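Enquirer: Protein sequences appear in the order of chains A and B.
Oh and the first sequence: position 43 is 1091 in my numbering, straight run, nothing missing.
Oh and the second sequence: position 553 is 566 in my numbering, straight run, nothing missing.
Please keep in mind that the hints were generated in silico from the structure rather than gathered at the bench.
Incorrect hints may appear among the rest.
Mimicking BS3-like on lysine-lysine, the simulated pairs with C-alpha atoms at most 30 Å apart in a straight line are [unchecked claim]:
1) B:K275 <-> A:K1061
2) B:K101 <-> B:K84
3) A:K1110 <-> B:K120
4) A:K1070 <-> B:K126
5) B:K126 <-> B:K113
6) B:K244 <-> A:K1053
7) A:K1110 <-> B:K348
8) B:K113 <-> A:K1136
9) B:K360 <-> B:K173
Negatives, chain B to chain A, calculated, CB over 12 Å [unchecked claim]:
10) Q43
11) K173
12) G179
13) K196
14) E308
15) P319
16) I356
17) E359
18) G491
19) D497
20) L561
21) E586
Partner residues aside, some chain B positions facing chain A, computed with beta carbon under 8 Å [stated by the list, open to error]:
22) Y17
23) K18
24) H20
25) D76
26) E146
27) E161
28) E269
29) L272
Remember, it's a predicted structure, so these values are computed and weren't measured experimentally.
Ideal Cβ placement from N, Cα and C applies to all residues, glycine included.
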Amino acid sequence: MEKIKSLADLKKKREALQSNLKLREQGENTESLIQVKVAMATCGIASGAKQVMETIINESNKRHIPVVVTQTGCMGYCYAEPTVEVTKPGQDPVVFGYITPQKAEELVDKYLVGNEMLDGVIPVNYEKVEQ
Amino acid sequence: MANYKYHMLVCGGTGCFASQSDQIKKNLAQIIEEKGLQNEVQVVITGCFGFCEQGPIVKMLPDNTFYVRVKPEDCRELVEEHIIKGRKVNRLLYTDPENKEHVADSKHMEFYKKQLRIALRNCGFIDPENINEYIARDGYAALASVLEINNPLATIDVIKKSGLRGRGGGGFPTGLKWEIAAKNHADQKYVVCNADEGDPGAFMDRSILEGDPHSVLEAMAINGFCIGANKGLIYIRAEYPLAIERLLIAIKQAEETGLLGKNIFGSDFSFDIELRYGAGAFVCGEETALIHSMEGERGEPTFKPPFPAQEGYLKMPTNVNNVETYANIPVIILKGWEWFSSIGTEKSKGTKVFALAGKINNVGLIEVPMGITLREVVYEIGGGIKDGKKFKAMQTGGPSGGCLTEKFLDTPIDYDNLIEAGSMMGSGGMIVMDEDDCMVAVSKFYLEFTVEESCGKCTPCRIGNKRLYELLEKITEGKGTMEDLDILKSLSKVIKDTSLCGLGQTSPNPVLSTIDNFWDEYLAHVMEKKCPAGQCKALKSYIIEPDLCIGCGACVRVCPVNAIKGEKKMPHEINQADCIKCGACIEKCKFNAILIK
Ligand SMILES: Cc1cc2nc3c(=O)[nH]c(=O)nc-3n(C[C@H](O)[C@H](O)[C@H](O)COP(=O)(O)O)c2cc1C
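Excised from the complex, chain A in its bound form:
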């Protein structure tokens, strides 16, 4: 194991390691975070949901947006896959259809950071189904 010889060493090491535990720390206050669910049933995966999930995680990490990204089963919008449900604290969930990885980046920029809707992506009229 590499030796830690100074406070600076420790800080460097801590910073490198902290991201590993970020996910767990988020769990401590899920209510105040934006919840993102990516539909990952066969239909979703076939149309690229995995890459969409990666993109949302990476892009929101880059922008330091506090989000919890999980996957979920088929939301019933197979025609609009990949679909992503976003719930902001204290708001009703909104489901976005046809989210490609490129669109995912836009989703992060526009809807997660700001509060804008996305061009060409229609929020699906949707009632939250408690799983």
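Knowing the structure of chain A, use the given hints to seat chain B with the ligand on it.
Expert: Positioned in the frame of chain A, the structure of chain B with the ligand alone reads:
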């Protein structure tokens, strides 16, 4: 490269471990591998989550779903449903006992709502066998800053101002203790962590060592720097194999990383830590006895002064602190004394970890701010008394403590209030009793423990406690007299006043406290030869109510001593001379015709 999207935390405390949590971890890891998800899902064994009643526990992150009573065969469903399909496995969620609803997120459970985790901050959160996870949680940053500031007295001052008091029972101000040890000059000094934890029912120290061993190591090093010691010893009972294993791993990793050993953080401070094993004697938790035991002598206490800070291990100045006391230190240094002293009551700052047990719904380990009331602990966190029975008393402080009755339900819990109420904080055992518990029998139980654990060095403790026990035995057998009750009181006082160490000085407390609060019960045993709770075997008789008995004979068939006689379809009778009061008949009778009188 792994880019984890899910963490599955599996409780690896002794309790959950005993219910196969290691197998759960293996199964989860194997199924995740089988599904090709090993780079997306991380499975981690952590320390205790505290909700032992509901173990084994598996917590899912980032969504914070809390699965309870998980069995190894549930693992496939957890992975396939929760991870792959994103659906919660309802049958493994915690069910609220009040409204019978599933609660997915632990934050919404009554058990956790009022808790505040400082000493247990990393338990159930990090992998205790991985120093990197501790470092990621600001581990060793407190030690680094203390070394950087390089002013031991300033650090001691922070601890003093924080108001931290010893969690091992006595409640002595920690900063003051460090200051005394710092001011005693000697070539060699020692830092000792007391991990003996002999109080029956207490397991907070074990859980901290199992769940977050580095926090104790870091604090000991800080302690060493402050008082000028380069050697730390942890006295731990050999009955704690998992805690020992994790401590050894932690020490090794800290040494390999250079966080223990020579010239820590490039300073001229060196510190190393070794373990010393105890054989599990209660008296060896007393600091002078502990030191003698570490020296290879008999584990017997000696008179104080000299205090360990003056003349301790190998006659050198030694600072002894409890595990939980240490676990608070790094956070205090990082967050500041102002933060710590803003929690708690005027004279008791911070939090206390309690082991909640007895007739309560939510058995487990809790950490609550000082000043919380008994009512909150019993009815909110503890979920009330088992089977809807009535609260009778809460025993705190173990064999050195006493009982708190209903009238103290709204008293804020802290060191001083507990003493005023006739009990004490002790190490943090909390045993809840209901209407079925006989308080005379409870004090007999503690005295039996004391008699067993007295080291025998001083007469009041060795002989006095034995006599106390015999008197209690006599009373519970219905042979006690009013004179016995008088002797019980006066002998208790003599033992308290004349014993050598804290063991004897406190051992009559359970007797005195129950006499104070439940005098009627003692009187009933002596005057009426009755045990109001129906617990004392010698004082109860099983009687068949002729009006209710239909003469089915079910009781006759289960009675192991053939004490029940009667003709078919006619009311039966129990021969009191033969009856051994085992209670088998009462369980069998479908007509509630057997009564305890
Ligand atoms: C009979 C007896 C048993 C004790 N057992 C323990 C114990 O198991 N653990 C502990 O930390 N302190 C125990 N103590 C208290 C220690 O003597 C000592 O006060 C304590 O370790 C100091 O640490 P603290 O100031 O951090 O509480 C016991 C005391 C007595 C009299």
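Enquirer: Each hint needs a verdict: does it hold in this structure or not?
Expert: Hints, verified against the model:
Note on K275 of chain B and K1061 of chain A: the hinted pairing holds, with a Cα-Cα distance of about 20 Å set against a maximum of 30 Å. With a C-alpha separation of about 16 Å, the suggested pair K101 of chain B and K84 of chain B falls inside the 30 Å cut-off, and the hint holds. Under the criterion of a C-alpha separation no larger than 30 Å, the hint pairing K1110 of chain A with K120 of chain B is consistent with the structure, at around 28 Å. Note on K1070 of chain A and K126 of chain B: the hinted pairing holds, with a Cα-Cα distance of about 22 Å set against a maximum of 30 Å.
About 18 Å separates the Cα atoms of K126 of chain B and K113 of chain B, which keeps this hinted pair within 30 Å; it holds. For a cut-off of 30 Å, the pair hint linking K244 of chain B to K1053 of chain A stands: about 20 Å separates their Cα positions. Taken as a hint, the K1110 of chain A and K348 of chain B pair is honoured in the structure, with Cα atoms around 28 Å apart against an allowance of 30 Å. About 28 Å separates the Cα atoms of K113 of chain B and K1136 of chain A, which keeps this hinted pair within 30 Å; it holds.
Only pairs whose Cα atoms come within 30 Å are accepted, and K360 of chain B paired with K173 of chain B is accepted, the gap being roughly 12 Å. A cut-off of 12 Å between C-beta atoms confirms that Q43 of chain B is not in contact with chain A; the least separation is 21 Å. Distance check on K173 of chain B: its Cβ is at least 24 Å (rounded) from any Cβ of chain A, clearing the 12 Å threshold; non-interface status holds. For G179 of chain B, the shortest C-beta to C-beta distance to chain A comes to about 29 Å, beyond the 12 Å cut-off, and the non-interface label holds.
K196 of chain B, annotated as away from the interface, keeps every beta carbon of chain A farther than 12 Å; the closest lies near 28 Å. The beta carbon of E308 of chain B sits about 34 Å from the closest Cβ of chain A, which is more than 12 Å, so the claim that it is off the interface holds. Every CB of chain A is more than 12 Å from the CB of P319 of chain B (nearest about 38 Å), matching its label as outside the interface. Residue placement check: I356 of chain B keeps its beta carbon more than 12 Å from all beta carbons of chain A (closest about 18 Å).
Every CB of chain A is more than 12 Å from the CB of E359 of chain B (nearest about 30 Å), matching its label as outside the interface. Distance check for G491 of chain B against chain A: the nearest CB is about 56 Å away, which clears 12 Å, and the non-interface claim stands. Distance to chain A confirms D497 of chain B as a non-interface residue, since its nearest Cβ pair spans about 56 Å, more than 12 Å. Non-interface status of L561 of chain B relative to chain A is upheld: no Cβ of that chain comes within 12 Å, the nearest being about 50 Å off.
Against chain A, the non-interface label of E586 of chain B holds: every CB pair exceeds 12 Å, the least being about 60 Å. For Y17 of chain B, the shortest C-beta to C-beta distance to chain A is roughly 7 Å, which falls under 8 Å, so the interface hint holds. Restraint check, K18 of chain B versus chain A: the minimum CB separation of about 7 Å is within 8 Å; hint holds. A least Cβ separation of about 6 Å between H20 of chain B and chain A falls short of the 8 Å threshold, and the interface hint therefore holds.
Hint status for D76 of chain B: holds, given a least beta-carbon distance of 5 Å to chain A, under 8 Å. Using the Cβ-Cβ criterion of 8 Å, the hint placing E146 of chain B at the interface with chain A is satisfied: the shortest such distance is roughly 6 Å. Evaluation of the E161 of chain B hint against chain A yields a held restraint, the C-beta minimum of about 6 Å falling below 8 Å. With its C-beta approaching chain A no nearer than about 4 Å, E269 of chain B sits inside the 8 Å limit, and its interface hint holds.
Interface hint at L272 of chain B: satisfied, since its Cβ lies 6 Å from the closest Cβ of chain A, which is below the 8 Å cut-off.
Consistency note: the structure conflicts with none of the earlier hints.
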